[in-house]
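Engineer: The lines below spell out each chain.
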Amino acid sequence: MHWYMLTLVGKDQPGIVAQVSRALYEGGSNLGETSMVRLGDSFTIMMMVHYGQSGADLAALLRPVTDNLGLAVHLDPIPGVLHSGVPPEVCITVYGADRAGIVAQVTGALAQAGLNITDLSSTVAGSAAQPLYVMQIEGQASQGLAALEQAIAQATRDGIEVHLQSLDTLIG
Amino acid sequence: MAILPILTYPDPRLKQIAVPVSQFDAALAGLLADLEETMEAGPGGVGIAAPQVGHFCRIIVVDVSAKPKVENHGRLRLVNPEILQWEGLAVGREGCMSVPDYTGNVVRAERITVRAQDGTGQAVELTTSGYEARAIQHELDHLDGLLFLDRLVSRHNDLFRRKVYQGRKPAAAC
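So the protein lines, in turn, are chains B and E.
Each residue of the first sequence is one higher than the one before, starting from 1 at the first, in the working numbering.
Each residue of the second sequence is one higher than the one before, starting from 1001 at the first, in the working numbering.
Worth flagging that the hints you see were computed from the coordinates, not collected in a lab.
Hints are supplied without guarantee of correctness; some may be wrong.
[Said to hold, decoys possible] To give an idea of the chain B side of the interface with chain E (calculated C-beta under 7 Å), a few residues:
1. H83
2. V86
3. P87
4. G101
5. V103
6. T169
7. I171
8. G172
[Claimed, not checked] Only pairs whose alpha carbons sit at most 20 Å apart, straight line, appear in this in silico EDC-like list of lysine to aspartate or glutamate:
9. E:K1069 with B:E149
10. B:K11 with B:D57
11. E:K1067 with B:D168
Backbone N, C-alpha and C define an ideal beta-carbon position, used for all residues, glycine too.
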């Protein structure tokens, strides 16, 4: 068995997840961790797929469904590692009037301050006339919280609203 | 004293409802000591419930005193605990020794008043809030066969409002 990272992108419509996962299941593969999310009017899928044959065989197995749904397919062999999740230590929310460079500026400062991002989602909210950029980041603070707080203070001086919250995960 | 093996989901026994304790004897004292030692052995564990080690009686141990800047009552050994009152709601991230490699957001009461007995059968009552209140509620759930997985809420719906207080007064006029 081999692990593959399967990427699928296409115009959103009902039933994509059901049809793709059914084809994979009936073809003898098994799913690991996945991320499936609507971005704009596209639906995007990234999934770890455990499968006994070649990547070409996997793509062929999916072709009836991906052709039918108009999905672009990308497939990479990967070293599949499960049960290696790292619990996030911080949640950082960012928002501001949309302009080019917010993500680069904020994540650049946070990376320098030791942030290792484990999960990030962002969207353009507001209206076409007054777009608002909203971003939610989770990650690990490899240099501690104080370093991140300093980076955030600088971003805030530059006019972006950034809020950090320590995620003290309760293990019971 | 012994470190007991932790049951992990999908062990069906974790879904069992635990029975009240009626004998406050040496066996109970021994189980409490084992629970404490098992909790301390778990990485970062701040609480444990008897069903997690295969004893289906209503006993929990909670100790959040190692966490910096957290209101706490020290080591709590609570037998037959019940929540008398609660107020406020807050979202927080939880994991569980019985559910390795997963954490998720759970809504809990922000402030609770708990009545229980100690290891000798003496009645105890305490009011607590925040992290310690969350830990007690997490462990109390184990006594009723509930895991934090049964209470998961979206990882993304709590943006800007991790704390939701009930009964927040609206502005007087607008």
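Engineer: Does each hint hold? Answer for all of them.
Structural biologist: Cross-check of the supplied hints:
1. H83: holds, 5 Å
2. V86: violated, 10 Å
3. P87: holds, 5 Å
4. G101: violated, 22 Å
5. V103: With a minimum Cβ separation of about 16 Å from chain E (threshold 7 Å), the hint on V103 of chain B is violated.
6. T169: Holds, because the Cβ-Cβ distance from T169 of chain B to chain E comes to roughly 4 Å (cut-off 7 Å).
7. I171: Since the shortest Cβ distance to chain E is 5 Å, the answer is holds.
8. G172: holds, 4 Å
9. E:K1069 with B:E149: holds, 18 Å
10. B:K11 with B:D57: Violated, because 24 Å separates the two Cα atoms, which is more than 20 Å.
11. E:K1067 with B:D168: holds, 9 Å
Hints 2, 4, 5 and 10 from the list above are not met by this structure, while the remaining hints are.
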